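S.K.: What follows is each chain in one-letter form.
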Amino acid sequence: MDTTATPTLNYLNNGHGLKSWLLTRDHKRIALLYLWSVTAFFFLGGFFALMIRLELLTPASDLVQPDTYNKLFTMHGIVMVFFFLIPSIPATLGNFLIPIMIGAKDLAFPRINLLSWYIYILGGLFTITAALTGGVDTGWTFYAPYSTTASNSNVILAGLGIFITGFSSILTGLNFIVTVHRMRAPGLTWFRLPLFVWSHYATSLIMILGTPVIAITVLLVAVERGLHLGIFDPALGGDPVLFQHLFWFYSHPAVYIMILPAMGVVSELVQAFARKNIFGYAFVAFSSLAIAIIGFLVWGHHLFVSGQSTYAGLVFSIISMFVAIPSAVKVFNWTATLYKGSVSWDSPMLYAFGFIGLFTIGGLTGLFLATLGMDIHMHDTYFIIAHFHYVMVGGAIFGFLGGLHYWWPKITGRMYPEGWAKFACLNIFIGFNLTFGPQFIVGYLGMPRRYAMYAPEFQVWNVLSTAGATILGIGYLIPMVYFTWSIFKGEIASANPWGARGLEWEIPSPPPTENFLVTPIVTHGTHQYAPSHEVGIV
Amino acid sequence: MFTNFPFFPEAASEQAGQVDALYFFLVAVTAFFMALVGILVVVFAIKFHRKHADEVGVEIHGSLVLELLWTFIPLGITMVMFVWGAQVFFHMTRPPKGAMDIYIVGKQWMWKAQHMDGAREINELHVPLGVPVKLTMGSEDVIHSFFIPDFRVKADVIPGRYNTLWFTATKPGRYHLFCTQYCGTKHSAMIGWVTVMEPSDYQAWLGGGPVNGSMADNGAKLFQDLACATCHLENGQGRAPSLKGVYGSTVTLTTGQTVTADDAYVRESILNSQAKIVAGYQPIMPTFQGLVSEEQLLQLIAYVKSLGGNQQGATK
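One line per chain: the protein sequences are Y and Z, in this order.
If you count by the numbering used here, then the first sequence holds residues 1 to 538, one letter each, in order.
If you count by the numbering used here, then the second sequence holds residues 1 to 316, one letter each, in order.
Read the hints as simulated data drawn from the structure, not as lab findings.
No experiment lies behind these values; they were computed from the predicted model shown.
Some hints here could point you the wrong way.
The list that follows gives simulated cross-link-like pairs (lysine-lysine, DSS-like), each with its CA atoms no further than 25 angstroms apart [unchecked claim]:
no.	chain 1	residue 1	chain 2	residue 2
1	Z	K47	Y	K422
2	Y	K422	Y	K489
3	Y	K340	Z	K47
4	Y	K422	Z	K51
5	Z	K51	Y	K340
Please work from the sequences and hints to get the whole structure.
M.R.: Below you can see the structure in the form of structure tokens.
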């Protein structure tokens, strides 16, 4: 780190050397440890994605053998879901900002926070070992009985990686919940909390309630594989569909672990760059909780073609429709917030616009899949791939990058080159739509997912998709380059470069180790841009 | 470079039209809201673009009327989707009476089909035009999924249980048949063709195929070979109940509970014979787990079915 540019003592120059980082209890330093590790996993998962797209350039299986292809998409899914999408925003931006946003010196359990990073790294090492010693070919969903009886790959090792990483997620969620309950500054009532904090609170609920179920599920797979107890094997009296119920009981809410924090980021961005309080604060805050709660009741929409009872299908279909409502409310509220705002087009706001567009497409196409008669045709086709990439990946990445740009000056004390940032954002938006847009069409045409080879009539859409993935890949590299450059050469950032509101903008950039020299007293909600005589009403 | 630029799959079954109509409705709703949100965001972003550096937005805290409007209008629209989707789904999951039976066994990595008269084929399925066809499907190993995109039908094929699927083909031709549930190395090679023929051609094709005896005949032979007939006497005087007229009827168990004698019950009684004992009989039947293949099970079921009973009562 270049310390000459930051004359005062801050969390970056307060202590040097590897040991001061690896043994830190400062939530901001731990956030940076996470930032580096999730970025590494992101590019690893992205490499697998690019290999998949290159293989699909032609209908034949010519770049890699089918077994290799199966391992590629499995590793792509595992790495991206468990090691990037789930921890990305909570463990980096959440870790960095939640204590600052609520006026606290640190999280409630600083040592547990560091422990959760070590657990994450340990889980990652298991998974990478599984990949390097032969790989795993079950798909990230590990469906039994394929994973328990048929697959000859490293299922147990990869499962252990996920099992271990789950504890990291549980500890982070626990830490956030206790922190938000116990450590808010005087005057910071629940209805003055920044929406970023609300969304992380809702996310944490899912993390601590859902994650144990996936941990138990992968443990059952390992036990069944090793001991053949007959949990999932019908020949021994087991139920092959039971796994799907257990798996989706976690993995559907997990989608909201990926998307809720991004929604929190977008709520902050829209307010900061429209210089305006959000339209309908309470609706937006409660819609986060509604999504978290209803999200636990919809897992059966992954089993519409599994032969589950027709009436179970009906119940899961209607509840899945309900979860669309709080999501729609958020989109309308963000849009309404722009009305009569002072809207700037700085790059973080461009990411917020991109998020709203991609999330709208992803959310609406989700309704196709909640609709019973429609899902039968679309289930396990590329339509699904397109839909969940729009929601999970488009949502999480645009939220993550938008937030990273917005808080970058706070985190590093340096500005990034705005022109390059705008260019990269446009590049990513175009690349993303060109990659996943064609997959809706080829999905309705009937191209199944997880195919190393496909029928020739699907080729044209796959060529377009691969072209998009190439553009997208380049788009992801550009911020890597200019962020790295800005750490050393970027313009020095002021405490509040955007003229935004919120406790994080009232302390120096980068923040001192203790965040606040004096505990702040909060008298109003975060984004009060109104004239001062109106401030105080919430 | 590409002469083939397909936008839409062929609609070759009765179901396809219904699914497509629903699809167009959903696409229209999607397009409308996409345009609405997209246009509003762009218009607001331009119209309210920041004029000078210290400008702030106008304070608007919200509007209960607007919030309720955009909560309940989407709720209404999604309820239309739900009801319409459920109607299509009910139609898709309930085969009409008298549908023609064909049995399918999925296996890494092929589809095996057995027609009632005994004709068998692999990765090919011949069906008559305009006749409702009901597939009863089981798996020999892992979960597969049977998918004919041009018919808009799909169902998982699961080891240990039977799943059904039905369609009425409306256009002669050859259509792709895919496996959509990931099943290992050659998942993407588990592809077959469905051939839709005029009913008379189908009859001719059946006659031209290898003659192995009908499924029920093969089942009857197995019934003798496996010595089932020594206990299940037709006159009901044996150590086990007579199977005459049992299929589709309600059976009372020793526990006092009742169960419908459908495909799943017959299958379970063969493989896990102690699970549900008929009232008045001793649990003495051995298990045939590992002794009969999935295809033989289907033949045994066809035989039990041929002994009479309430055929429709047993369809799912």
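S.K.: Hints first: check each against the structure and report whether it holds.
M.R.: Evaluated hints:
no.	hint	verdict
1	Z:K47 / Y:K422	holds (20 angstroms)
2	Y:K422 / Y:K489	holds (19 angstroms)
3	Y:K340 / Z:K47	holds (8 angstroms)
4	Y:K422 / Z:K51	holds (20 angstroms)
5	Z:K51 / Y:K340	holds (12 angstroms)
Checked against the numbered hints above, the structure violates none of them.
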